[in-house]
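Residue 5 is where the sequence shown starts when you use the numbering used here, and the numbers rise one by one after that.
Hints in this document: simulated from the structure, not taken from any laboratory. The reader is advised that the hints may include incorrect statements.
DSBU-like mimics (lysine-lysine), calculated; alpha carbons at most 35 Å apart, straight line [said to hold, decoys possible]: (1) K101 / K117; (2) K117 / K195; (3) K89 / K101.
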Amino acid sequence: MILNKPGEEWIDNGTSYSVGRPVCTSCSSEYPGLFGTIEEIRTGADSSSGDEAPDICCTFDLPALSRNVQALERFLTQRRGTPVKAEELPLERIAMKPEMITPLAIPEQDYPKLALYIVDTNWAVDGESGSYEVVFTLHQDALRQFHNDLLEERNSGSIEQWREHSEFAEEETAASYECWLDGCYCENHYKIEVKRRELPLAPGFLRMAANVYRTRRILRDFGQEAARQNEYQALTEAEKKQLLARSDIAEYVMRRLERRVAYWEAYRGAVSDTVRDILRERSAEVPRQCPMNGTEERHDEKSL
5 MILNKPGEEW IDNGTSYSVG RPVCTSCSSE YPGLFGTIEE IRTGADSSSG DEAPDICCTF
65 DLPALSRNVQ ALERFLTQRR GTPVKAEELP LERIAMKPEM ITPLAIPEQD YPKLALYIVD
125 TNWAVDGESG SYEVVFTLHQ DALRQFHNDL LEERNSGSIE QWREHSEFAE EETAASYECW
185 LDGCYCENHY KIEVKRRELP LAPGFLRMAA NVYRTRRILR DFGQEAARQN EYQALTEAEK
245 KQLLARSDIA EYVMRRLERR VAYWEAYRGA VSDTVRDILR ERSAEVPRQC PMNGTEERHD
305 EKSL
């Protein structure tokens with residue numbers, strides 16, 4: 005079988021390979037560390053070996069940095085025993101085995117997104133310039149930073165001095181402020197604004213963030229429960245602080261929780277019940293075809 009249409013997929017040992025998917029060569033490849041794209045997948049009798057191991061045909065790029073190109077040349081020269089020049093390497097439609105490449109995500113398509121709010125500031129005073137950014141995950145936090153920074157600049161910066169000049173000009177919106185001296189913007193200006201950006205969140209980051217949140221919740225609950233125990237109250241403040249600072253508290257709680265079969269059974273039961281409830285709600289509205297105009301009508305089953 006030959007797969008060559010964008011999005012066509014082959015799964016090998018639980019790993020998905022699809023046409024158009026970016027990849028990176030692994031240490032099992034002759035050219036480790038190169039980025040490329042899957043162009044075609046040949047399986048079964050159409051693969052070079054004629055067995056179940058597919059040929060994943062990829063086109064690769066040379067490294068963008070010259071130092072990495074030189075490192076690749078040195079690596080291949082040492083491996084082959086003869087001088088190798090990067091520009092002579094065949095990098096188009098190379099047949100690779102699954103273990104030779106790692107499929108990469110397309111972040112903007114594959115990852116959930118988080119809104120970021122960036123307070124972006126740049127300024128120039130008498131030709132000396134600078135800029136900075138402060139990133140927040142909550143819009144209100146960004147607006148507070150915007151408010152504080154702009155007030156500080158008005159109170160102790162150059163804005164009030166510039167106002168005395170006839171060339172002074174300013175503009176503002178709900179989330180931005182900009183002022184300058186007309187005719188010499190590059191030498192004298194101040195601009196601050198709140199920008200919204202979307203950040204694709206990789207699974208590894210989500211696991212890390214979830215673990216941080218879970219650990220904080222466990223430590224909070226542990227501290228509250230400990231405060232109810234007489235043994236804890238008998239400790240000195242230094243001993244209490246030392247106890248609550250133990251790094252293994254969250255891990256200890258999770259190990260005990262994982263042994264509680266009833267907890268996981270309750271969780272799976274809740275998921276199963278939710279699936280049934282949502283499907284039942286969905287089927288409560290029955291689409292019906294109107295014989296007069298072909299449009300769909302929906303009726304609540306309870307009213308039928």
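Check the hint pairing K101 with K117 against an upper bound of 35 Å on the C-alpha distance.
holds (32 Å)
Hint check: K89 vs K101, CA-CA at most 35 Å. Holds or violated?
holds (24 Å)
Sort out whether K195 lies within 35 Å of K117, counting only the CA atoms.
Roughly 28 Å between the alpha carbons, so the hint for K117 and K195 holds.
Checked against the numbered hints listed earlier, the structure breaks none of them; every hint is satisfied.
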